[in-house]
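Participant: Residues per chain, in single letters:
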Amino acid sequence: MRTSARRRGVAAAAAMAVSAVGLAACSGGGGGAEAATCTNEIKQPDATQVTVWAWYPSFETIVDHFNETHTDLQVCWTNAGQGADEYNKFQTAIEAGTGAPDVIMLEAEVIPTFTILDSLVDLSEYGAGELEGDYTPGSWSDVSNGDAVYAIPVDGGPMGMLYRADIFEEHGVDVPTTWDEFATAAQDLRDAGFEGHITDFPTNGNALNYALFAQNGWEPFQYDTAKPTEIGINVDSPEAEEVLGYWKGLIDDDLVATEDAFTTDYNAALVDGTYAVYLAAAWGPGYLQGLSEADADAEWRAAPLPQWDTENPVQVNWGGSTFAVTTQSEQPEAAATVAKELFNTEEAWKLGVEEAALWPQWKPMLESDWFTEREAPFFGGQKINEEVFLEAANGYEGFSFSPFQVYAYDQQTQALYDMVEKDTDAATALSTVQDGLVQYATEQGFTVTE
Amino acid sequence: MGSEVTTGKSVVAPATTRPTSKIASRRQRWGYVYVAPFAIVFAVFLVLPLGYALWMSLHNKGIATAGRNVFVGADNYVKAFTDPVFLEGLWRVLRFVLVMVPVQILVALVAALLLDTLATRLSRVSRLLIFVPYAIPAVIGALMWGFLYSPRFGPAQELFGLVGLTAPNFLSSANIFGSLVNIVTWQWVGYYMIIIYAALRSIDPSIYEAAVLDGADRRQIALRIKVPMISSSMVMIVVFALIGTLQFFTEPQVLRSSAMGAIPTDYTPNMYAFATAFNYSQFNYASTLAFSLGFLVFVGSYLFLFLTRKQSGLK
Numbered sequence: 003m004r005t006s007a008r009r010r011g012v013a014a015a016a017a018m019a020v021s022a023v024g025l026a027a028c029s030g031g032g033g034g035a036e037a038a039t040c041t042n043e044i045k046q047p048d049a050t051q052v053t054v055w056a057w058y059p060s061f062e063t064i065v066d067h068f069n070e071t072h073t074d075l076q077v078c079w080t081n082a083g084q085g086a087d088e089y090n091k092f093q094t095a096i097e098a099g100t101g102a103p104d105v106i107m108l109e110a111e112v113i114p115t116f117t118i119l120d121s122l123v124d125l126s127e128y129g130a131g132e133l134e135g136d137y138t139p140g141s142w143s144d145v146s147n148g149d150a151v152y153a154i155p156v157d158g159g160p161m162g163m164l165y166r167a168d169i170f171e172e173h174g175v176d177v178p179t180t181w182d183e184f185a186t187a188a189q190d191l192r193d194a195g196f197e198g199h200i201t202d203f204p205t206n207g208n209a210l211n212y213a214l215f216a217q218n219g220w221e222p223f224q225y226d227t228a229k230p231t232e233i234g235i236n237v238d239s240p241e242a243e244e245v246l247g248y249w250k251g252l253i254d255d256d257l258v259a260t261e262d263a264f265t266t267d268y269n270a271a272l273v274d275g276t277y278a279v280y281l282a283a284a285w286g287p288g289y290l291q292g293l294s295e296a297d298a299d300a301e302w303r304a305a306p307l308p309q310w311d312t313e314n315p316v317q318v319n320w321g322g323s324t325f326a327v328t329t330q331s332e333q334p335e336a337a338a339t340v341a342k343e344l345f346n347t348e349e350a351w352k353l354g355v356e357e358a359a360l361w362p363q364w365k366p367m368l369e370s371d372w373f374t375e376r377e378a379p380f381f382g383g384q385k386i387n388e389e390v391f392l393e394a395a396n397g398y399e400g401f402s403f404s405p406f407q408v409y410a411y412d413q414q415t416q417a418l419y420d421m422v423e424k425d426t427d428a429a430t431a432l433s434t435v436q437d438g439l440v441q442y443a444t445e446q447g448f449t450v451t452e
Numbered sequence: 011m012g013s014e015v016t017t018g019k020s021v022v023a024p025a026t027t028r029p030t031s032k033i034a035s036r037r038q039r040w041g042y043v044y045v046a047p048f049a050i051v052f053a054v055f056l057v058l059p060l061g062y063a064l065w066m067s068l069h070n071k072g073i074a075t076a077g078r079n080v081f082v083g084a085d086n087y088v089k090a091f092t093d094p095v096f097l098e099g100l101w102r103v104l105r106f107v108l109v110m111v112p113v114q115i116l117v118a119l120v121a122a123l124l125l126d127t128l129a130t131r132l133s134r135v136s137r138l139l140i141f142v143p144y145a146i147p148a149v150i151g152a153l154m155w156g157f158l159y160s161p162r163f164g165p166a167q168e169l170f171g172l173v174g175l176t177a178p179n180f181l182s183s184a185n186i187f188g189s190l191v192n193i194v195t196w197q198w199v200g201y202y203m204i205i206i207y208a209a210l211r212s213i214d215p216s217i218y219e220a221a222v223l224d225g226a227d228r229r230q231i232a233l234r235i236k237v238p239m240i241s242s243s244m245v246m247i248v249v250f251a252l253i254g255t256l257q258f259f260t261e262p263q264v265l266r267s268s269a270m271g272a273i274p275t276d277y278t279p280n281m282y283a284f285a286t287a288f289n290y291s292q293f294n295y296a297s298t299l300a301f302s303l304g305f306l307v308f309v310g311s312y313l314f315l316f317l318t319r320k321q322s323g324l325k
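Read top to bottom, the protein sequences are chains A and B.
Using the working numbering, you'd call the opening residue of the first sequence number 3 and step up by one each time.
Using the working numbering, you'd call the opening residue of the second sequence number 11 and step up by one each time.
Mixed in with the good hints, there may be bad ones.
Straight-line alpha carbon distances no greater than 35 Å define the calculated DSBU-like cross-link-like pairs of lysine-lysine that follow [what the hints assert, rightly or not]:
#1 A:K424 with B:K89
#2 A:K385 with A:K91
#3 A:K45 with A:K424
#4 A:K365 with A:K45
#5 A:K229 with B:K89
#6 A:K365 with A:K91
#7 A:K385 with A:K342
#8 A:K424 with A:K385
#9 A:K91 with B:K89
Simulated from the structure, these hints should not be mistaken for lab results.
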């Protein structure tokens, strides 16, 4: 009796010890000063370590490059998940007051979401303002507000149109340069016997749909981080209604598919000849090449995104990421240096371009002959950077996102899905989003102007 | 819940009436030492977080009000119970309860009764096969079904094609309800079947002999003798299924990655609470939603146990 009780006590104590070890292991990575568990190997054990969360493909080569070329600073990298997964962890760390890394990879669209939580350091205190000239104007506008700089741009997503030259040729259809021509081409392809759709309009396209609306002059949010509690919401503008109505018409005629993006089905459809066009950002070619089940005879080419008004072409951006320094960091100066210097050499960028298919926002690389004259074997040797994406990157002027962007995207996904499924019109979908966001923002304590 | 309370009482009562000797008090002290590991873990990982969540649910912090927690009393709860999104989610899980629980119990019961009657090698293999899905983690199971439902990669198109039909899209908003019912049923029937089967094995076989002598056939034995005799196990698995379904989360959350339109972020109350906390950083309102759901689950299970107290032997 006693022995069994004692044994149970020992077992319980052992279990507690185990769970205590587990907890200790989980608590690493906070604040940054203490040695955390890094995915990469630290080259200079005595140097200051800066913790970084990022999900770039092949990022370890960039980190190694940084650590080999710096003696006083070392990057300790963790992949905390891609996009929403990482943001969830960051939100939790902000609420908990501890657990965030020193430097975090954020897409430009979520920067206001985190500045309003006071969780990003204004890097202008650490000399970031002087770097403005090194980056494209659009990308700089996305990370800054007046003199304040909340992140350092890394890569971008200037948009273009990737298309299957073989499909267009086989059916005798010209590659469209305007949206009117695009609609005609969709019909012509169908009439010529093409069994797929010209492209897909995913109702969960989020940033893609934003970019398509923005190309027609849509500015859904007026938000200034200097006045964080004031927001203008103007989602259901005539510009957006025109674009969404255009797509709804193509959907109604069954000329455009409405499959969800980023699913395995969608990935397969992109490359197996179901769609003749992939409206893509500059990271799209890299994404395509990574997909399996590709059509072996495919001949991919790139062209500029179709325009509404060829007299006044508008360039738009889909995605792109930045490095920000968190306010939880105990060594913001070292963290700012890491954010600035991870991607500020040609060697680092060559790795980024070749290994991770990133589109640089750092001008010395963007304008280098090595980059502009790169031939893309996947596109039959076409110089897609120079011919398509460079103009889009330089023409992009920035975009104002809301401080509750995830919520705004979720609302839009639902409204667009309902528009397709329940066959309502574009105006209804947009006004549903508008009303939902105004109500939400008011509840959250914003002063809303419509 | 009820059983915990009664055992707690029976332990405490004799100890207080007995005169405290030296040995007894020393034993008591050791008792606390033995309880401590559990009590500490219990307090740190259950009681404290619950208390903190309750505190949060009584405060509010808008994202534009810069990190100040303001005491709002029951305001959040009033908002939750008038929030159409939350109520719609509740109504949805209630419909899942009405469909999913009877389907699961019925399939499990029929399987258990069949396996109890048969004693062949085939029945032993079947028993294992029915149980296997329960051994697969819920996330893996949902991912797997996501592929099976996929219009492009799933086998449905070919199977329906054999008889000249086109397969339905299992991930459309019209069909997603049935698709989810199917996944959960597949996963849990084996577990419920094992519980019922174990209860059936514990019935004294001489009762069956007596029934046969009285002229009962197999169907009558099954429905008039076996089922009533395992009613307490049945009540238990209904409670499990009820609680699990009201807290429905894993399967729709996983399937959402391939059906974002059909499964919105607020599909079930638990998913709504999750999205509110981690996607929209409203931890206060999320705590309120979680507490409201917990309260309703408690009331629901209590009510069910109260109504079935005769069958479950709690009375």
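Participant: What hints, given by number in increasing order, does this structure fail?
Facilitator: Of the numbered hints given earlier, those the structure breaks are 2, 3 and 8, listed in rising order.
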